[in-house]
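Please dock the two separately framed chains into a single complex, following the hints provided.
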Amino acid sequence: MINCKEVSKSFGEHKVLDKVSFDVPEGVIVGLLGPSGAGKTTLINILTGQLTFDAGEVSVMNKDVNKLKGADKDKFGIMMDRFGLYERFTCAENLAVFADVYGINKSNIKESLASVGLEDAAKTKAADLSKGMRARLLLARALLHDPKIIFLDEPTSGLDPKSVKGIHEIIQNKKKEGCTIFLTTHNMDEATKLCDDVMLLNEGNIVERGRPSDLCRKYNKDKKIKVTMKDGSDGEYKQNADAADKIAELIRQGSLETIHSEEPTLETIFLELTGKKLEED
Amino acid sequence: MQKILVIFKKQLRDTFKNKTILIQFVMFPVLTLIMENCIKINDMPENFFTKLFAVMYIGMAPLTSAAAIIAEEKEKNTLRVLMHANVRPWQYLIGTGAYIWTICMIGAAVMSTGLPSEERLFFLPVMAIGFVISIIAGACIGIFSKNQMMATSVVMPVMMILSFVPMLAMFNDIIKKGAVVFYTQQLRNIFDEMSWSAIGTKSIVIICANALVFAVLFAVLYRKKGLE
Ligand SMILES: Nc1ncnc2c1ncn2[C@@H]1O[C@H](COP(=O)(O)OP(=O)(O)OP(=O)(O)O)[C@@H](O)[C@H]1O
Ligand SMILES: [Mg+2]
Numbered sequence: 001m002i003n004c005k006e007v008s009k010s011f012g013e014h015k016v017l018d019k020v021s022f023d024v025p026e027g028v029i030v031g032l033l034g035p036s037g038a039g040k041t042t043l044i045n046i047l048t049g050q051l052t053f054d055a056g057e058v059s060v061m062n063k064d065v066n067k068l069k070g071a072d073k074d075k076f077g078i079m080m081d082r083f084g085l086y087e088r089f090t091c092a093e094n095l096a097v098f099a100d101v102y103g104i105n106k107s108n109i110k111e112s113l114a115s116v117g118l119e120d121a122a123k124t125k126a127a128d129l130s131k132g133m134r135a136r137l138l139l140a141r142a143l144l145h146d147p148k149i150i151f152l153d154e155p156t157s158g159l160d161p162k163s164v165k166g167i168h169e170i171i172q173n174k175k176k177e178g179c180t181i182f183l184t185t186h187n188m189d190e191a192t193k194l195c196d197d198v199m200l201l202n203e204g205n206i207v208e209r210g211r212p213s214d215l216c217r218k219y220n221k222d223k224k225i226k227v228t229m230k231d232g233s234d235g236e237y238k239q240n241a242d243a244a245d246k247i248a249e250l251i252r253q254g255s256l257e258t259i260h261s262e263e264p265t266l267e268t269i270f271l272e273l274t275g276k277k278l279e280e281d
Numbered sequence: 001m002q003k004i005l006v007i008f009k010k011q012l013r014d015t016f017k018n019k020t021i022l023i024q025f026v027m028f029p030v031l032t033l034i035m036e037n038c039i040k041i042n043d044m045p046e047n048f049f050t051k052l053f054a055v056m057y058i059g060m061a062p063l064t065s066a067a068a069i070i071a072e073e074k075e076k077n078t079l080r081v082l083m084h085a086n087v088r089p090w091q092y093l094i095g096t097g098a099y100i101w102t103i104c105m106i107g108a109a110v111m112s113t114g115l116p117s118e119e120r121l122f123f124l125p126v127m128a129i130g131f132v133i134s135i136i137a138g139a140c141i142g143i144f145s146k147n148q149m150m151a152t153s154v155v156m157p158v159m160m161i162l163s164f165v166p167m168l169a170m171f172n173d174i175i176k177k178g179a180v181v182f183y184t185q186q187l188r189n190i191f192d193e194m195s196w197s198a199i200g201t202k203s204i205v206i207i208c209a210n211a212l213v214f215a216v217l218f219a220v221l222y223r224k225k226g227l228e
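Chains as they are written, first to last, in our numbering: chain D, 1 to 281; chain P, 1 to 228.
With the rest of the complex left out, here is chain P (with noise of 0.2 Å):
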């Protein structure tokens, strides 16, 4: 435990020297408060950007976040170092996924401060376990990478699919069709509804699916690769 912590608190200390990830994790929820506030446009759904934008930041912060870290740490060697001050490897990834996963969860708290009270109880909650699933999406793209550039231009696909899917969904019913195995999609559709009864079977059964599959070949590349 007091290494996880210890874990935790080097990235919470990285955060502000970070640039590139911080802007990961400040760009939606700052973009959500101000269109939020400035855009009204007569016959739009109710916090319609905050139920958009929260589906791009699940597909998008935790996911390059913890590719980049990983792959970074990595790359630089300093996590070698780290094992061998006998930081055991599953320490490190929790310690590096709880701190992705409190930082995210800070951007989910701001970008529903335009929501109703009750909607927000049901959003955070949902948010969580976005960020979860993304963030093991994200440290399986961190062990299969060499190093930040194979991390970054990994990570590029799987960010388009899973963030801007959901949004070009939207406009256009193939994708729609297409969109529905992934949970961003899925997570969309929830936020659509903002109530727990609403939510069916088939979501749940594909947001389940979705994580089943991340978690399984985090495991494989983790067994295979370790964090070498």
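Only chain D is shown next, with the shape it has when bound in the complex (with noise of 0.2 Å):
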């Protein structure tokens, strides 16, 4: 569905994207990770063709990005964050101008509110939302000509875990009707649970790519059992039989209250790989 050859983009000294290569296929959702500054929003300025490339190649639906048509283009939905909305009009006018773009039915408009759930709210102007029913009025708006390949930038950034869990159940439907989704996010957790497949990007290049959950695998090397103590004291053991024989200890004395495996997460690994964070806070 996409694919992309040793990308790269510099802008001016600073190289952005150093030789990124990668494919994506059909109907799954792939999340890309990066820190702020990464380049996630620059990847997918390219991805959609809103931005030109130093070199490398970039296909989406087996066609070069440079040479998409407007008909390949309607298949695509794009969520930016610093996509506008009309302030002035209310959810449905907004979605009402771009069912008339594309030769939308009116009666889709309804439809299309609902499923954000942004149904009682479709005479509220767009200036007077909160910051999550923006983003769903936004995906609403991506999503309203129910294109075959989602581009989202930080969907989810910034927003309440309802707001949240709404927008990520609305993904899942999509990748059911068989869409194709690429989203950007540092949230790790929203990866973790959301995406089939993630990639890593840190200073230009993809560092690490796979499941989540093989990811965590692959790294849990030092496999750490964590325990905590009825007298509140906690204590960490590698996998071993010299920590089986004090855990087993330690039960028998009565004195253990949790026990716990602790497995690395898209976090840590990101961390081990790159020594930064995803999230600064």
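Don't take each hint at face value.
To be verified - Heads up, incomplete: computed chain D residues facing chain P, CB under 10 Å, no partners named:
| id | residue |
| --- | --- |
| 1 | Val24 |
| 2 | Gly49 |
| 3 | Thr52 |
| 4 | Ala71 |
| 5 | Asp74 |
| 6 | Glu93 |
| 7 | Ala96 |
| 8 | Lys165 |
As the list claims (entries may be wrong) - To give an idea of the chain D side of the interface with chain P (calculated C-beta under 7 Å), a few residues:
| id | residue |
| --- | --- |
| 9 | Phe22 |
| 10 | Gly70 |
| 11 | Lys73 |
| 12 | Ile78 |
| 13 | Arg82 |
| 14 | Gly84 |
| 15 | Tyr86 |
| 16 | Arg88 |
| 17 | Asp100 |
Unchecked claim - Below 30 Å or equal to it, Euclidean Cα-Cα: the simulated DSSO-like pairs (lysine-lysine) are:
| id | chain 1 | residue 1 | chain 2 | residue 2 |
| --- | --- | --- | --- | --- |
| 18 | P | Lys146 | P | Lys3 |
| 19 | D | Lys193 | D | Lys162 |
| 20 | D | Lys5 | D | Lys19 |
| 21 | D | Lys73 | P | Lys9 |
| 22 | D | Lys131 | D | Lys176 |
| 23 | D | Lys67 | P | Lys225 |
| 24 | D | Lys148 | P | Lys3 |
| 25 | P | Lys9 | D | Lys123 |
| 26 | P | Lys76 | D | Lys75 |
| 27 | P | Lys9 | P | Lys177 |
| 28 | P | Lys76 | D | Lys69 |
| 29 | P | Lys225 | D | Lys63 |
| 30 | P | Lys9 | D | Lys131 |
| 31 | D | Lys15 | D | Lys5 |
| 32 | D | Lys148 | P | Lys9 |
| 33 | D | Lys63 | D | Lys148 |
| 34 | D | Lys123 | P | Lys17 |
| 35 | D | Lys67 | P | Lys76 |
| 36 | P | Lys19 | D | Lys106 |
| 37 | D | Lys193 | D | Lys148 |
| 38 | P | Lys3 | D | Lys75 |
| 39 | D | Lys276 | D | Lys162 |
| 40 | D | Lys238 | D | Lys218 |
Because the hints were derived from the structure by calculation, they are not lab data.
Every residue, glycine too, gets a C-beta built ideally from N, C-alpha and C.
Printed below as a string of structure tokens:
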């Protein structure tokens, strides 16, 4: 569905993408993870034909991205936070403009608003929407014309958990309909739950790629076990015969309160690979 | 064509929501009706206010609204979304321009209610031409400006020159000499005569030259910046 071959992009002296290569099969949710400034938005801009690149090849739906026709682009659904709304228009009117542009029946607008949980806000002005509602309206607009391939740039950044959950459900449903979804995030929790496949982007390179669960297993080298005692103290053991004896002893003494295996998360994997945190907070 | 209509319709829907632009469209027509009906001074030329305000209307409403609409759509990034939905830049510009022209023509029709009907048939086509030139000038500013703030500050001096200079020229001969190079001053002279046969070659040449200058400027800016 998407093929990227040795794509490089610089802004002046600053090299943002350095020979990035990957491909995305049809019908999956792919997450691009990386810290702020890694080049995630830049990559989405390139994949959607909004930005030219210096070297390499990009094809989407088996066509060179620079040669996409109008009819091809109609299969794209794009949501980026800087994409604006008509602030003086209501939610329904905002969608109506694009229903007209795409030549879609107006009756779809109601359905579309309902699908993102905005049916009650149809007559609310875009300027008066909360951040979460805004994001959902942007998503509804991106999905209005039933795109086959969906690009989402940080669809849930800065939203409350309920809105995030809603958006995740919509994305999952789109996948069930057979759409391919390419999204960026710096939330590793989101990536773990939502994506079939994640790519970790750092300093212009994809440093790791795979299913979230596979990656976690792959980096689970020194399998650690964490215990807390009844007296509140805690300890950490490596998974080996020595630790087994000690832990067994603790259980026998009856002083053990909890016991957990500690697996790596995408966050710790990223930290291990790059020495950087995904989210700066 | 369908996309042009969509843009036209979108703007039409915005007419009563966008108060700042609505005021631009309504102000001079209303002012004309009020002044023509309330103020009667002896020796005042026939339809003095209609002719005066007509030129100011041409110099203000289409210019400021074209610049503001384009600049706002750029600033809010809605234009980019339209482009993604396969609306071509020229379709957007024609749709928006056609909208402004239509609303201004309605305004002009309101202004012309005080004129004798044969003069009205002269007045409206001349207004129509003036609006087109101003819309192109406004579109230049809209394309040139990154955001609404910038558009407003560029529009200001241009609008002052185009709409106020012809008025000030009535009182000052030096200004009048300089003002002849602007299409608005020429339109002002043309409205004073109100007859096709009285339009001089010089006026036609100057108006065409003005139109050409703005059209070329538009082409250059559009080539260079597009609608980004
Ligand atoms: N138009 C541009 N001109 C110059 N530099 C740019 C431009 N766009 C992006 N950059 C630079 O490229 C780098 C990557 O930016 P990008 O927006 O792709 O990061 P990102 O991964 O999306 O970050 P974030 O998570 O904060 O959105 C940044 O250092 C940014 O300053
Ligand atoms: Mg970004």
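For the hint on Val24 of chain D, does the least C-beta distance to chain P fall short of 10 Å?
violated (20 Å)
Hey, Lys238 of chain D versus Lys218 of chain D, does the alpha-carbon distance stay inside 30 Å?
holds (17 Å)
Compare the distance between the alpha carbons of Lys19 of chain P and Lys106 of chain D with 30 Å, and conclude whether the hinted pair is satisfied.
holds (27 Å)
Answer holds if the nearest beta-carbon of chain P is closer than 7 Å to that of Lys73 of chain D; otherwise answer violated.
This interface hint holds because 6 Å falls under the 7 Å limit.
Sort out whether Lys5 of chain D lies within 30 Å of Lys15 of chain D, counting only the CA atoms.
holds (17 Å)
Pair hint Lys276 of chain D and Lys162 of chain D, alpha-carbon separation not exceeding 30 Å:
Since the Cα atoms of Lys276 of chain D and Lys162 of chain D sit roughly 29 Å apart, the hinted pair holds (cutoff 30 Å).
Hinted pair, alpha-carbon criterion (30 Å max): Lys76 of chain P, Lys69 of chain D. Please report holds or violated.
holds (26 Å)
Closer than 10 Å between Cβ atoms is the bar; does Asp74 of chain D clear it against chain P? Give me holds or violated.
holds (7 Å)
Lys9 of chain P and Lys123 of chain D were given as a pair; does the straight-line alpha-carbon distance stay at or below 30 Å?
Given pair Lys9 of chain P, Lys123 of chain D holds - Cα atoms ~18 Å apart, limit 30 Å.
Return the status of the interface hint for Phe22 of chain D: holds when the least beta-carbon distance to chain P is below 7 Å, violated otherwise.
violated (23 Å)
For the hint on Lys165 of chain D, just tell me whether its beta-carbon gets within less than 10 Å of chain P.
Violated - the Cβ of Lys165 of chain D stays beyond 10 Å from chain P, reaching only about 26 Å at its closest.
Restraint check for Lys193 of chain D with Lys148 of chain D, where alpha carbons must lie at most 30 Å apart:
holds (22 Å)
Checked against the numbered hints above, the structure breaks hints 1, 3, 8, 9 and 27 and satisfies the rest.
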